[in-house]
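S.K.: Protein sequences appear in the order of chains A and B. Just so you know, we're using the working numbering here: the first sequence kicks off at 1 and counts up by one. Just so you know, we're using the working numbering here: the second sequence kicks off at 142 and counts up by one.
Watch out, some of these pointers could steer you wrong.
Partner residues aside, some chain B positions facing chain A, computed with beta carbon under 10 Å [stated by the list, open to error]:
id, residue
1, P168
2, R290
3, S291
4, D335
5, N336
6, Y344
7, F390
8, L529
Covered by chain A, according to a simulated footprint, are these stretches of chain B (three or more residues, beta-carbon under 8 Å) [unchecked claim]:
id, region
9, 173-186
10, 195-208
11, 292-300
12, 478-484
Don't read these hints as lab results, they were simulated from the structure. All values derive from a computational prediction rather than experimental measurement. We treat Cβ as the ideally placed atom computed from N, Cα and C, and that holds for glycine.
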Amino acid sequence: MAYAFLESSITGRAGTDEEYWKGLADGELRLPRCAACKKWMWPAHHRCGACGSWELEWIKQEPVGTVYSWTRTWYAFDRVHERAADVPYVIVVAEVACGACLLGVLKGREDGLKIGAKVRGIIEPPSEKSKGYPSIRWALA
Amino acid sequence: MSKFRGNTAIVGIGQTPYYKRGTSPDPEMKLALRAIVAACEDAGISPQDIDGFVSYGSERNDGQKLMAALGTRELKFGGLVWTHGGGIPGALGLAANAIIAGQADIVVVYRAMAELGGQRLRVAVWQNDTPSQYLVNGLDAPAQTCAIRSQRMLEHDGVPRSTMKALAQACYYHARNNPAAMGHNITLDDDTYDNARWISEPYRLFDCSRENDAGAAIIMVSAERAKDMRHKPAYLLSAPMGCYGEWGFGEFNQRPFGATSGFQSVARRLWAESGYEPDDVDVVQVYENMTGMAVAALIDHGFCTVENAGEVLTYKNLIAPNGRLPVNTSGGNIAEGFIHGMGLVPEAVRQIRGDSTNQVPGAALSLMTGGPGDSMVSSALLGSIETL
Numbered sequence: 001m002a003y004a005f006l007e008s009s010i011t012g013r014a015g016t017d018e019e020y021w022k023g024l025a026d027g028e029l030r031l032p033r034c035a036a037c038k039k040w041m042w043p044a045h046h047r048c049g050a051c052g053s054w055e056l057e058w059i060k061q062e063p064v065g066t067v068y069s070w071t072r073t074w075y076a077f078d079r080v081h082e083r084a085a086d087v088p089y090v091i092v093v094a095e096v097a098c099g100a101c102l103l104g105v106l107k108g109r110e111d112g113l114k115i116g117a118k119v120r121g122i123i124e125p126p127s128e129k130s131k132g133y134p135s136i137r138w139a140l141a
Numbered sequence: 142m143s144k145f146r147g148n149t150a151i152v153g154i155g156q157t158p159y160y161k162r163g164t165s166p167d168p169e170m171k172l173a174l175r176a177i178v179a180a181c182e183d184a185g186i187s188p189q190d191i192d193g194f195v196s197y198g199s200e201r202n203d204g205q206k207l208m209a210a211l212g213t214r215e216l217k218f219g220g221l222v223w224t225h226g227g228g229i230p231g232a233l234g235l236a237a238n239a240i241i242a243g244q245a246d247i248v249v250v251y252r253a254m255a256e257l258g259g260q261r262l263r264v265a266v267w268q269n270d271t272p273s274q275y276l277v278n279g280l281d282a283p284a285q286t287c288a289i290r291s292q293r294m295l296e297h298d299g300v301p302r303s304t305m306k307a308l309a310q311a312c313y314y315h316a317r318n319n320p321a322a323m324g325h326n327i328t329l330d331d332d333t334y335d336n337a338r339w340i341s342e343p344y345r346l347f348d349c350s351r352e353n354d355a356g357a358a359i360i361m362v363s364a365e366r367a368k369d370m371r372h373k374p375a376y377l378l379s380a381p382m383g384c385y386g387e388w389g390f391g392e393f394n395q396r397p398f399g400a401t402s403g404f405q406s407v408a409r410r411l412w413a414e415s416g417y418e419p420d421d422v423d424v425v426q427v428y429e430n431m432t433g434m435a436v437a438a439l440i441d442h443g444f445c446t447v448e449n450a451g452e453v454l455t456y457k458n459l460i461a462p463n464g465r466l467p468v469n470t471s472g473g474n475i476a477e478g479f480i481h482g483m484g485l486v487p488e489a490v491r492q493i494r495g496d497s498t499n500q501v502p503g504a505a506l507s508l509m510t511g512g513p514g515d516s517m518v519s520s521a522l523l524g525s526i527e528t529l
């Protein structure tokens, strides 16, 4: 399939998470681990620093986790101005089963938001707010 | 025995005034030149004698672009330390290493910023290091990424919020005595701090550093050369840079996370190389992009623990001249002005010289910590001749 987010590709850091976005575009949360030693690696990188393998495999994960930390943003910052009308909005860092901490904008109720609270990920299609990328949003379970 | 410890010194400091962002009468490169020339005048040397240029982060005024205006005779060394504000003390270390290795004799370390070009400082300093994971999820500015760290420090690790307020109020207290500070006329009482608008929780307005146009520079030479110069030298005792293996570009996956700004390994090497420990330090310029990050940096350096941070990091303890741990005695990034943290370096030197506007009496050991939470960090301990 054609992945729309590739049309609006954002560059920065290692640039190794294309498969993550493809997973979300396919409606799945897929996270990388080393194909040789099976060590989870997030953020993804080009090589496994533990065993030296150059191969990653992307494994489907249940999009559930707990709140690791969060912030409620009250200011429409320069490069995320598409969300100006949403201010204040909450950004959650959620820890999922394999240990990866993933960002997502909170969806739904804020009551009960605290570190350790259970969250479920909802995958949303590309939008202007998410800069043409599919995204995962976390909702308090 | 360290080949580094005490073998170089800062002998000149120079700064332009701080301007409200976007209002500098001079373009950025001229601000860099004005700061460098001022540092040379302070040191009593000719700008033509500088043979090394060092900076950090996204500094765009490379030494070779400045040569014609300085009358440089020969450029022998140049370098930019990686990362953002985390690299400032590391830049002092790079300059010192060049001098100790005999690659250069008189090295300037400098930073200049002006928003005249239209780009906000908070964007410029990121150097396009913002990954898709951030921008897709509404995350852009350092205020937000730091907020996520500090929220965990407060909520999970239990460091009290009072530490953040104490730090902000100490900065503004010091700015009251510093006529050059942008926050000179502001009184940050409890009401003003507590009721300021939210930026990104847990940060309100006064938890966040400013953005200004200005330049700052320091001149570094060998300890041997420093002896005969005009000012009391501020010797560089240690300036390690780095981080441990699970830090780096973690996008919130660094461990540990929360009540740390990534300095544990750097602090350990700083104390080991210098031969001193936190209790020996007289005054600290702690880089506060945001208050909570500075609190974590002080914990990392061993000035307090997660458990006793609330008792140690009080307003009374953080102010000069009589506090137990005076910090940011010129007002710091929050209350004096912010050009990517570089203004903290000349103040660390003034404390050794004895001419700060908030002088700590008899200050002999003066610490400056780099941008907290950066993917790589650094710290520098300066000392008077008695500390060698």
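S.K.: Could you run down the list of hints and mark each one as holding or not?
M.R.: Verification of the supplied hints:
1. P168: 22 Å, violated
2. R290: 7 Å, holds
3. S291: 9 Å, holds
4. D335: Not OK, violated: B:D335 not within 10 Å of chain A, min 15 Å.
5. N336: The hint is violated - B:N336 has no Cβ within 10 Å of chain A, the shortest such distance being about 14 Å.
6. Y344: 8 Å, holds
7. F390: 6 Å, holds
8. L529: 40 Å, violated
9. 173-186: violated (count 0)
10. 195-208: Check failed, 0 qualifying residues.
11. 292-300: It holds: at least three residues are needed, and the region 292-300 of chain B offers 4 whose Cβ sits within less than 8 Å of chain A.
12. 478-484: violated (count 0)
In this structure, the hints that do not hold are numbers 1, 4, 5, 8, 9, 10 and 12, in rising order.
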